[in-house]
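All chains should be built: construct the whole structure from the sequences, respecting the hints.
2 protein chains.
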Amino acid sequence: MPREVLDSETTDQRLNRLTQALGSGMFVHVRNMLHDMAASDVAFILESSPPRTRQVLWQLIDLDHTGEILDELGEELKDNLIKQMTPERVAKAAAGMDTDDLAYILRSLPDSVFNKVLQSMSSQDRTRVEQALSYPDDTAGSIMNTDTVTLRPDVNIDVILRYLRIRGELPEATDTLYVVDKHDNLLGGVRISDLLTCNPDASVRDIMASDLEGIPVGMNDSEVAQLFERHDWISAPVIGKDNQLLGRITIDDVVDIIREDAEHSMMGMAGMDDDSDTFGPVLKSTLQRSLWLTINLFAALLAASVTNMFEGTLEQFATIAILMTIVPSMGGVAGNQTLALVIRGIALGQIGQSNSRWLIGKELAIGFLNGLLWSVLVFVAVWLWKGDVALGALIGGAMLINMTVAGFAGACIPLLLKKMNIDPALAGGMVLTTVTDVIGLFAFLGLATFFLL
Amino acid sequence: MPREVLDSETTDQRLNRLTQALGSGMFVHVRNMLHDMAASDVAFILESSPPRTRQVLWQLIDLDHTGEILDELGEELKDNLIKQMTPERVAKAAAGMDTDDLAYILRSLPDSVFNKVLQSMSSQDRTRVEQALSYPDDTAGSIMNTDTVTLRPDVNIDVILRYLRIRGELPEATDTLYVVDKHDNLLGGVRISDLLTCNPDASVRDIMASDLEGIPVGMNDSEVAQLFERHDWISAPVIGKDNQLLGRITIDDVVDIIREDAEHSMMGMAGMDDDSDTFGPVLKSTLQRSLWLTINLFAALLAASVTNMFEGTLEQFATIAILMTIVPSMGGVAGNQTLALVIRGIALGQIGQSNSRWLIGKELAIGFLNGLLWSVLVFVAVWLWKGDVALGALIGGAMLINMTVAGFAGACIPLLLKKMNIDPALAGGMVLTTVTDVIGLFAFLGLATFFLL
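For the protein sequence lines, the chains are A and B, in the order given. Every letter in the first sequence is one number past the one before it in UniProt numbering, and letter 312, counting from 1, is 312. Every letter in the second sequence is one number past the one before it in UniProt numbering, and letter 405, counting from 1, is 405.
Among the hints, erroneous ones may be present.
For chains that are exact copies, the list does not tell them apart, and a pair is met inside one copy or across any two.
To be verified - Once the Cα atoms are required to be at most 25 Å apart in a straight line, the calculated SDA-like pairs of lysine to any residue come out as:
| id | residue 1 | residue 2 |
| --- | --- | --- |
| 1 | Lys418 | Ser305 |
| 2 | Lys284 | Ile360 |
| 3 | Lys284 | Ala21 |
| 4 | Lys386 | Phe442 |
| 5 | Lys241 | Gln13 |
| 6 | Lys241 | Gln316 |
| 7 | Lys92 | Gly446 |
| 8 | Lys418 | Glu47 |
| 9 | Lys92 | Phe451 |
| 10 | Lys116 | Glu130 |
| 11 | Lys418 | Ser276 |
By construction, these hints were calculated from the structure, which means they are not laboratory data. Computed from a prediction, not measured in an experiment: that's the story for all the values here.
Okay, structure coming up:
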């Protein structure tokens, strides 16, 4: 009987049980529980545990399973755990890992440990890892596995079926076998479901799809993910310069990239690294967040120095000081709405030369319309509150200026940053908020100084 | 020869070519180009086009292809295009669509059109759609397809192989055939790759995996996506109450959910709907963004009314007004960092009863440490700038208070909102910023009033 699926509640309950067993020192019981779980579930529990619990759990895991479990962990936690392992233990764990994950781990090791780990490996493992290491991070090559099963075009299907029966189990997530010529050049692919349903007297050439798209080994991994998403692929062949088959990429690695890319935008806009470990240690987390806060302190001091230029106005009218945060606040929110939309569009590859001008125009128009709407509302609100028509008109005017700028800047800043090869998800929010703060304060305080003094 | 993959540059070029051809009125040429493209590529081009171009392109697409193309579009654009179609055209397009997508579209139609569309369908289509409509949106049932191929346990593999050959092509993304008893209860699964490699004299029971996990039909679709991600599934069976096999979920639909969930957090935190159409019409977009700006106006007026309480202080010390935005700004950034981390943790199902207290403690500690660090830095900065030790000390003290509150609030607010069944990604940022603004202003202006007056 199929067992009921682990839903999030039972995972939480399981984590509770583990924590309780750990608390009462029942280490043997915990070790047995961990032993019986799937690697992905153990990884999930490690990710969800505070540092001390993690340490104990990690020591209770069988060395044979560490490779599979490391495979499933987030980058920051993975790096931390590996740093604590001896090179011999890393080499042993490596035996249970996929090539691409192993290459990832080796890249992050210090040189001395790296060499020790390589030396402790079997020569077969070493060769496949050295090859994987030759492709730059974030390319199709770095997420590729080399476990492809290839066919020749002129063989009959019944021969293939006999061959597969002798060969035994196929690699994980194999939905297509690739057809190559004698130089290993990709000619096409045969879906394994077609092998089951076709006439066994046909030849590979008869049933192969010859319009199979090969992914260039140097393609950026986010672009690879977009192709998988758009075409609903489960696996795809990776090709080198002369259309030579090098390996294949499978959907499970692509899902990780889709998740990482989307999290990168979200976490980046809040000034966080997407690898951040939710349950990481306090001191480390504090330091990770400092960079962003440092930049923000400069931005805030810049805004304060704009205000400083209008000291005379503020001395005479305290009401101006009371109202001066409203315009930058509204501009910041409106600009961030545009920014989020454009950053998503860039990440999805939707925004290019042909439509970016239209998009900037659209956001400028939205900013202006929003500006009109909110300038009227804030005019009425301030008039009613402070009983001063002039003050209401001033803040309304500043709002119109700042919202229009916010729409324009929210669209232009990420596109400009991208042209300068700066990640818009990381830098966009801070640059934008600085612009909307400075323009908002300048507009309101400047208008106030001009008309009231 | 496999054709080179469409990378994002050539997509942009293709879009350029299409736009040029449209501009010069070469409609027949454009129609032919669209006809030769994959549905997913046409959908991508529609998503990336401004409204007017979209309208023309949509009219040039063959009716036979509209179903497949609608399948691939984002929700907002899909809804818009369908609203313009006659019920008869929708019914015709429906023939080319997956059950789950069709049910989605029907749900969004007005009742009168809905009934017309149902009536224009073949009775077979109608039955499968009515069944799909019986499951609530956002559950496993709503993304399930009913195209499962099932086996009985006591049959020999060679019989199965012969049956499959007669049956012909298998449904998309079929990696596993499900084994059921005579009441359609799920007993296990046979991977189609195992059918190819096993001994044909074995029985289904011999090679089936009996620990196959069935997904309850009512499970939330985000939880389904987490299971797929954690276990690297390509498809999974959906079961009803008595373990009865109802259908299957495939990775392509799961990838869409993963993307949507991650985008939901990112767009939500910026006050945007994740369905927002990047190239949608100006007026509609302006209205969509108003709700968030309205809420923000109230938050900004609340902050201004806090400042208003300290009018006397501001009248005497214009410098206080100049510096008063720094503390809320730093608190907002620090709080948002915590918020992003916690929202991601909630979305991944990592945060539960067993660890939320630890997490709040950790973020409180980080907030306090950050507060110490930045209170010293801002103390020095303000002392040097304004040459006033007391003023530096005041702003430093306010900073310590506000950063500590920001860490605590950034962790508690999303957890509380979740308990109250309010989406933390949507409401969290606004509630948090209001808290850090109010506390930051209150702390700084309060301390200044107490010590300076």
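Going down the list of hints, with the structure as the test:
Neither within a single protomer nor between protomers do lysine 418 and serine 305 lie at most 25 Å apart by alpha-carbon distance, with minima of 29 Å and 40 Å respectively. For a Cα distance limit of 25 Å, the shortest separation of lysine 284 from isoleucine 360 across copies, 16 Å, qualifies, whereas the shortest one inside one copy, 40 Å, does not. Taking identical chains as interchangeable, the C-alpha atoms of lysine 284 and alanine 21 are never at most 25 Å apart, the minima being 28 Å within one chain and 56 Å between chains. Taking the closest pair of Cα atoms, lysine 386 and phenylalanine 442 come within 25 Å of each other both inside a single copy (21 Å) and across two copies (21 Å).
Proximity of lysine 241 to glutamine 13 under the C-alpha cut-off of 25 Å is restricted to the inter-copy arrangement: shortest distance 22 Å between copies versus 52 Å within a copy. For a Cα distance limit of 25 Å, the shortest separation of lysine 241 from glutamine 316 qualifies neither inside one copy, at 72 Å, nor across copies, at 73 Å. In the homo-oligomer, the alpha carbons of lysine 92 and glycine 446 never lie at most 25 Å apart, since the shortest distance is 68 Å inside one protomer and 61 Å across protomers. In this homomeric assembly, lysine 418 and glutamate 47 come within 25 Å of each other (Cα to Cα) only across copies, at 21 Å, whereas the closest approach inside a single copy is 33 Å.
In this homomeric assembly, lysine 92 and phenylalanine 451 never come within 25 Å of each other (Cα to Cα): the closest approach is 76 Å inside a single copy and 64 Å across copies. In this assembly of identical chains, lysine 116 and glutamate 130 lie within 25 Å of each other by CA distance solely inside one copy; the values are 14 Å within and 62 Å between copies. In the homo-oligomer, the alpha carbons of lysine 418 and serine 276 lie at most 25 Å apart both inside one protomer (23 Å) and across protomers (22 Å), since each shortest distance falls under that limit.
The structure fails hints 1, 3, 6, 7, 9 (numbered hints given earlier, in ascending order).
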